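Taken in order, these protein sequences are the chains called A and B. Under my numbering, residues 3 to 101 are what the first sequence spells out, in order. Under my numbering, residues 82 to 315 are what the second sequence spells out, in order.
Treat the hints as calculated values from the structure; they're not laboratory data. All figures in this text were calculated on a predicted structure; none of them were measured in a lab. Heads up, some of the hints might be wrong.
What the hints assert, rightly or not - Here are some, though not all, of the chain A residues that point toward chain B, as calculated from beta-carbon distances under 10 Å:
{"no.": "1", "residue": "A13"}
{"no.": "2", "residue": "I15"}
{"no.": "3", "residue": "V48"}
{"no.": "4", "residue": "F50"}
{"no.": "5", "residue": "G59"}
{"no.": "6", "residue": "L64"}
{"no.": "7", "residue": "V68"}
{"no.": "8", "residue": "L80"}
Each residue gets a CB set at the ideal place from its N, CA and C atoms; glycine is no exception.
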Amino acid sequence: MTLGWYLAVSAIIFSIGVGGVLVRRNPLVILLCLELMLNAGNLALVTFSRMYGGEGGQIFALIVMVVAACEVTVGLGLIVAISRRNLPVDVDELHELNG
Amino acid sequence: MSEVLFFIAAIAAIVGAVGVVAMRNPFYAVLALVCHLVSLAALFLLLRAEFVAAAQVVVYAGAVMVLYVFVVAYVGGAEEIRSGNAMRVLGPLFAVAVAIELCIALLGSALSGINSQGAAYKPGFGEPARIGKLFLTDYLFAFEVASLLLLVAAIGAIVLARRRRGLEDDDGSIARVIGERRPSYTGTMAEGAGTRQVYQEIEAGHGGSFEIGSAEPKERAAAVVASEDGEDGA
Chain A
3 MTLGWYLAVS AIIFSIGVGG VLVRRNPLVI LLCLELMLNA GNLALVTFSR
53 MYGGEGGQIF ALIVMVVAAC EVTVGLGLIV AISRRNLPVD VDELHELNG
Chain B
82 MSEVLFFIAA IAAIVGAVGV VAMRNPFYAV LALVCHLVSL AALFLLLRAE
132 FVAAAQVVVY AGAVMVLYVF VVAYVGGAEE IRSGNAMRVL GPLFAVAVAI
182 ELCIALLGSA LSGINSQGAA YKPGFGEPAR IGKLFLTDYL FAFEVASLLL
232 LVAAIGAIVL ARRRRGLEDD DGSIARVIGE RRPSYTGTMA EGAGTRQVYQ
282 EIEAGHGGSF EIGSAEPKER AAAVVASEDG EDGA
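Build the full structure now, drawing on both the sequences and the hints.
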């Protein structure tokens, strides 16, 4: 397969993630959709690494995995804190910061 | 052969991604994401990124998803459908627009390698040894920053998810531990830590003998705490 196909798959997965973040209201599922977008970026990075024959893109993909793990940790901590305070786990209800 | 594998993995990845968005129950969404991640690891293998594929399966599909499953089990609950939400119409439209725009960017990009099978394969490309060497030489700064970021995230998660109310119930508190029924002069920690002195003071105050284990635990604990408070006040 030519490498353009991989980039097309990456683009499709990224836009599915964008749609999920906009449509869903459960913060857990929003975090899952963020993971989708990060993984689409990873796929593009690994594809470019293959395209140019250097490992730099793979290193970048591993760093993105670390960042995704950190994001998951903090995001899930926030969700646990929300549910401890008996607030609704719904991003439309949690709009205190709107001002 | 690689074409067949590519199409199987790509279709599984896209179906998994759609499942994450479409599943009503967050638990099934997490399982769909696991399917998506595993098929993405297959795509990485086709791109000769063996170490990234292994890390994807072990770290992502293993550790991170277990974390998700725990939190889904803790929070739980499927979301109810609410009508009249403008985002339910605008969101998919925007997603389609982003997809079209990305495809235009892909077709319009003058990348020389986009219609090729990639650079010539070098032996050892994407091996753990080379990744590790690059991490400790060319990309050392990124490596160190990543470790610092992990530390910050771990501390942040503990601070965010800790219990804020302090001791809500009496169970496990100091007073209950001290007041527990135990035989005297058996070398318990309470004797070693000097709570025996407290009992002796109580005895002196009563003017009689205060047998350890004679009073009810709750009352004794209350008496001990009261006498300690008195010492602090004095």
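We went through each hint and held it up to the structure:
1. A13: With a minimum Cβ separation of about 4 Å from chain B (threshold 10 Å), the hint on A13(A) holds.
2. I15: Where the cut-off is 10 Å and the nearest Cβ of chain B is about 5 Å from I15(A), the hint holds.
3. V48: Interface hint status for V48(A): holds (5 Å vs cutoff 10 Å).
4. F50: With a minimum Cβ separation of about 8 Å from chain B (threshold 10 Å), the hint on F50(A) holds.
5. G59: holds (8 Å)
6. L64: With Cβ-Cβ at 6 Å, under 10 Å, it holds.
7. V68: Interface hint status for V68(A): holds (4 Å vs cutoff 10 Å).
8. L80: holds (6 Å)
Comparing the model with each earlier hint shows no violations; every hint is respected.
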